[in-house]
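Please model the entire structure based on the sequences and the hints provided.
Taken in order, these protein sequences are the chains called A and B. According to the working numbering, the first sequence is numbered sequentially starting from 238. According to the working numbering, the second sequence is numbered sequentially starting from 340.
Heads up, some of the hints might be wrong.
Said to hold, decoys possible - The list that follows gives simulated cross-link-like pairs (lysine-lysine, DSSO-like), each with its CA atoms no further than 27 Å apart:
id	chain 1	residue 1	chain 2	residue 2
1	A	K576	B	K435
2	B	K470	A	K561
3	B	K365	A	K569
4	B	K390	A	K558
5	B	K435	A	K561
6	B	K440	A	K560
7	B	K388	A	K310
8	B	K458	A	K558
9	B	K458	A	K326
10	B	K390	A	K252
11	B	K388	A	K560
12	B	K470	A	K558
13	A	K252	B	K440
14	A	K310	B	K390
15	A	K309	B	K383
16	A	K406	A	K561
17	B	K435	A	K256
For the record, the hints were derived by calculation from the structure and aren't laboratory data. Here the structure is a predicted model, which means the values were calculated and not measured.
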Amino acid sequence: MEKIGIVGYGAYIPKFRIKAEAIAEVWGENADKIKAGLGLTEKSLPAKDEDTTTISVQAARNALLRAGIVGKKIGALYIGSESHPYAVKPTAATVADAIQAGFDTMAADTEFACKAGSAAIQMVAGLVKSEMIEYGMAIGSDTSQSSQGNALEYSAASGGAAFILGREKKEIIAELEKTLSFTSDTPDFWRRGLQETPEHAGRFTGEPAYMKHVLGATQMILSETNSKPSDFDYAVFHMPNGKFPLQAAKKLGFSTEQVKPGLVVSKIGNTYSGSSLLGLSSVLDIAKAGQKILVTSYGSGSGSDSFIFKTTKRLEEVQDKAKKTEDYVARKEYVGYSKYRQHMAMVV
Amino acid sequence: MFRSTPIIRWRKYQERYNLMGAKCEKCGKLHYPQPALCTCGSSKFIAHKFKGEGTLLSFTDIGSGPEAYAEHAPYCLGIIQLSEGPKITSQLSDCKLEDLKIGMQMIATFRKFYSSGEKGAIYYGTKFTPKW
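So, in structure tokens, the structure goes:
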């Protein structure tokens with residue numbers, strides 16, 4: 238069967254950051270204890286004029302630069318997020334217009350907590366593989382919400398990544414060798430309609446939720462492809478904090494060295510739907526030809542999507558055609574708690 | 340409520356999202372936005388997409404903005420000469436007054452302009468930010 242894969246990718250992370258110390262000071266908490274517990278030191282937040290739509294557009298334009306195609310070639314565009322600016326009016330339609338995808342574009346917003354972006358990749362992969370479209374774009378992007386004073390406030394961050402899939406062999410930078418999902422009804426984290434911030438079930442978000450699904454999907458894809466952890470150069474697991482992905486890796490038999498290149502959470506926080514996809518874009522920024530990458534996302538509610546990619550020579554030709562994930566991570570300006578809340582109030 | 344109908348802004352989506360301007364079919368002059376008449380007198384234009392790069396000619400900061408932009412204040416505003424020639428007045432994102440210098444290179448970025456209140460539509464478009 239004809240191979241399909243990623244032909245372009247792009248990241249975007251807003252410039253602003255808040256340190257864990259600035260949040261801990263407001264709530265009278267111990268910043269060192271929190272940083273050690275969560276495995277992160279600071280998080281990204283949007284500018285006053287940024288939201289999921291603007292982040293998606295910037296990431297999409299970077300992906301087009303790497304793919305070397307115009308927006309008109311995109312036949313389908315799906316955007317996964319927990320923070321679509323409208324309850325009813327698609328982010329995807331605005332992004333499609335902003336990349337000049339044209340009227341003949343399939344477009345929709347997806348929602349599955351933090352795995353809505355990886356689910357969008359699977360949807361696009363199906364359309365490309367079945368030859369219904371030539372190229373499709375999937376985006377995972379969020380300006381993540383959290384209640385003030387909640388533990389989530391230290392990690393809920395902003396950013397996103399876009400991936401263009403195609404099937405022209407010479408254009409593919411990372412072949413999609415396999416994808417599958419692991420899904421169950423698990424009440425670990427949710428946000429009811431008309432509520433501004435999510436609720437979560439505390440420690441229940443760990444073993445029966447994140448671990449069960451991340452391990453379940455990863456073990457399933459390893460089994461179905463007769464693969465073992467040592468076959469991979471890189472592994473990316475959804476990053477709700479800096480600890481869960483390392484714990485999942487250890488349980489599965491992956492080394493810290495395989496996971497660290499994609500562990501962007503320690504520098505920018507959890508970008509929800511953008512999290513595992515920014516991990517993948519970080520790895521694609523540095524990977525060489527012929528390397529294997531395993532990606533497993535996690536979305537509360539719950540489910541995990543696993544992917545196996547194998548990079549091609551073409552990857553090294555496109556890595557420098559747009560800003561890299563690390564460029565956005567390094568570009569930063571710190572704000573205090575008041576300004577952070579002011580910025581967040583503009584997107585909720 | 341600031342201009343509650345979305346239609347007038349919808350007509351400018353491509354101009355604002357993608358810096359779509361116009362090229363005079365008669366003399367070749369580039370315009371942003373498209374005028375009714377070129378300086379040569381012609382009214383015939385073809386669409387032209389500007390690259391989104393330019394030079395900062397002048398700037399200021401706004402401490403108290405008009406109704407639509409009030410919640411964005413304080414913010415910077417600048418005149419940018421696009422690399423293709425036309426000048427554009429734009430809000431400047433991700434920067435403070437002290438970050439700006441006449442002659443510096445600027446690049447386009449896709450940002451939120453404003454929304455018509457809590458229930459109204461959200462409007463997006465191109466702003467500029469110092470090139471990095």
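Right, here's what the structure says about each hint:
1. K576(A) to K435(B): The given pair, whose Cα atoms are some 14 Å apart, holds under the 27 Å limit.
2. K470(B) to K561(A): Judged against 27 Å, a Cα distance of about 15 Å means the pair holds.
3. K365(B) to K569(A): Violated, at roughly 47 Å.
4. K390(B) to K558(A): holds, 16 Å
5. K435(B) to K561(A): Distance of about 24 Å is within 27 Å: holds.
6. K440(B) to K560(A): holds, 23 Å
7. K388(B) to K310(A): holds, 17 Å
8. K458(B) to K558(A): violated, 40 Å
9. K458(B) to K326(A): holds, 12 Å
10. K390(B) to K252(A): holds, 23 Å
11. K388(B) to K560(A): holds, 22 Å
12. K470(B) to K558(A): This hinted pair holds, its Cα atoms lying about 16 Å apart.
13. K252(A) to K440(B): holds, 20 Å
14. K310(A) to K390(B): Distance of about 19 Å is within 27 Å: holds.
15. K309(A) to K383(B): holds, 25 Å
16. K406(A) to K561(A): holds, 24 Å
17. K435(B) to K256(A): holds, 20 Å
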